[in-house]
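Residue numbers (the working numbering), protein chains in the order written: chain L, 8 to 119; chain A, 215 to 329.
It is worth saying that the hints were derived from the structure and are not from the lab.
Hints are supplied without guarantee of correctness; some may be wrong.
If we take Cβ atoms under 7 Å as the criterion, some of the chain L residues that face chain A in the derived model are [stated by the list, open to error]:
{"#": "1", "residue": "39"}
{"#": "2", "residue": "51"}
{"#": "3", "residue": "58"}
{"#": "4", "residue": "90"}
{"#": "5", "residue": "101"}
{"#": "6", "residue": "106"}
{"#": "7", "residue": "109"}
{"#": "8", "residue": "110"}
{"#": "9", "residue": "111"}
{"#": "10", "residue": "112"}
Label-pair distances were calculated between CB atoms; the ranges are [said to hold, decoys possible]:
{"#": "11", "chain 1": "L", "residue 1": "73", "chain 2": "A", "residue 2": "294", "range": "16 to 26 Å"}
{"#": "12", "chain 1": "A", "residue 1": "269", "chain 2": "L", "residue 2": "119", "range": "24 to 34 Å"}
{"#": "13", "chain 1": "L", "residue 1": "69", "chain 2": "A", "residue 2": "229", "range": "43 to 53 Å"}
{"#": "14", "chain 1": "A", "residue 1": "311", "chain 2": "L", "residue 2": "27", "range": "18 to 28 Å"}
{"#": "15", "chain 1": "A", "residue 1": "286", "chain 2": "L", "residue 2": "118", "range": "44 to 54 Å"}
{"#": "16", "chain 1": "A", "residue 1": "230", "chain 2": "L", "residue 2": "84", "range": "28 to 38 Å"}
{"#": "17", "chain 1": "L", "residue 1": "60", "chain 2": "A", "residue 2": "294", "range": "39 to 49 Å"}
{"#": "18", "chain 1": "L", "residue 1": "23", "chain 2": "A", "residue 2": "284", "range": "28 to 38 Å"}
{"#": "19", "chain 1": "L", "residue 1": "90", "chain 2": "A", "residue 2": "299", "range": "43 to 53 Å"}
{"#": "20", "chain 1": "A", "residue 1": "255", "chain 2": "L", "residue 2": "69", "range": "39 to 49 Å"}
{"#": "21", "chain 1": "L", "residue 1": "27", "chain 2": "A", "residue 2": "232", "range": "39 to 49 Å"}
{"#": "22", "chain 1": "L", "residue 1": "14", "chain 2": "A", "residue 2": "264", "range": "33 to 43 Å"}
{"#": "23", "chain 1": "L", "residue 1": "119", "chain 2": "A", "residue 2": "277", "range": "47 to 57 Å"}
Each residue gets a CB set at the ideal place from its N, CA and C atoms; glycine is no exception.
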Amino acid sequence: AQSVTQPDIHITVSEGASLELRCNYSYGATPYLFWYVQSPGQGLQLLLKYFSGDTLVQGIKGFEAEFKRSQSSFNLRKPSVHWSDAAEYFCAGADSNYQLIWGAGTKLIIKP
Amino acid sequence: GAGVSQTPSNKVTEKGKYVELRCDPISGHTALYWYRQSLGQGPEFLIYFQGTGAADDSGLPNDRFFAVRPEGSVSTLKIQRTERGDSAVYLCASSLNHGRQETQYFGPGTRLLVL
Chain L
8 AQSVTQPDIH ITVSEGASLE LRCNYSYGAT PYLFWYVQSP GQGLQLLLKY
58 FSGDTLVQGI KGFEAEFKRS QSSFNLRKPS VHWSDAAEYF CAGADSNYQL
108 IWGAGTKLII KP
Chain A
215 GAGVSQTPSN KVTEKGKYVE LRCDPISGHT ALYWYRQSLG QGPEFLIYFQ
265 GTGAADDSGL PNDRFFAVRP EGSVSTLKIQ RTERGDSAVY LCASSLNHGR
315 QETQYFGPGT RLLVL
C-alpha cells in the first residue's frame, strides 16, 4: 500500500541553524510529493511540490526539498531557520486515485 | 483573492446531536475535499467532490457522515448522532481541478468537540 512516513514527531533547532525534516514514501510509480506547513490557527499551506524533472525543488519561505528515488525520500531543508518557522510540517503524496496520503507530521520547535 | 473559508471555526456539541460544517471554496475551483485531522496525526481523507457530485466518498467512516455540494460551490459536511470519537479538526480544501498535479488550498478548519 502507498504510504508516507515522517520518522520524527518533533525536532528542535536553534534559530539560525540549518534544518532538515525527513519524509519517506512508498509508491510503485513516480510519486507526486508535497510539503505543507501548518501554523496554529492557520490552514495548511503548500511549501513546495515535486512531480518530475529536477530533483531539487525550491519552495516558498526559503525552503527546498530533494527527491531521492534510491532512498525513497523527499526531505525538506532550510539553510537558516527563523523563529517564525516554528510550526508543524506535513509531507504528502498523491496516490493512484489522485488522493493525498499524509505523513503524521513533524513539529518544529525553534530555540532562541 | 479570498481563500477557502470554513464555518464555524469551533463547534461544541453533545453526544448524539447533529452537526453541520460549512466550507466555501475558492471561486472557480471545481474540486472540493474534506479531511479529518485528529491530534498528532496528518489529515485523513473523507470525501471529494468534482462539481456537484461526490466523486469519491471512500473515506467517510460510516453512514453517520454525509456531505453535499448542491450547486458546485459551497459544501456542507453533516454528522448525525455524533460520538466522542468524532472530535477532531475537519479540514476543507479546494483545487482548480482534480488531479495529481493540482495544488489543494486548505481552509483553517473547524474544530469539533463532542462532549
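Do the hints match the structure? See the list:
no., hint, result
1, 39, "holds (4 Å)"
2, 51, "holds (4 Å)"
3, 58, "holds (6 Å)"
4, 90, "violated (22 Å)"
5, 101, "holds (4 Å)"
6, 106, "holds (5 Å)"
7, 109, "holds (3 Å)"
8, 110, "holds (5 Å)"
9, 111, "holds (5 Å)"
10, 112, "holds (5 Å)"
11, 73/L x 294/A: 16 to 26 Å, "violated (46 Å)"
12, 269/A x 119/L: 24 to 34 Å, "violated (47 Å)"
13, 69/L x 229/A: 43 to 53 Å, "holds (46 Å)"
14, 311/A x 27/L: 18 to 28 Å, "violated (33 Å)"
15, 286/A x 118/L: 44 to 54 Å, "holds (48 Å)"
16, 230/A x 84/L: 28 to 38 Å, "violated (48 Å)"
17, 60/L x 294/A: 39 to 49 Å, "holds (47 Å)"
18, 23/L x 284/A: 28 to 38 Å, "violated (51 Å)"
19, 90/L x 299/A: 43 to 53 Å, "violated (36 Å)"
20, 255/A x 69/L: 39 to 49 Å, "violated (27 Å)"
21, 27/L x 232/A: 39 to 49 Å, "holds (46 Å)"
22, 14/L x 264/A: 33 to 43 Å, "holds (34 Å)"
23, 119/L x 277/A: 47 to 57 Å, "holds (50 Å)"
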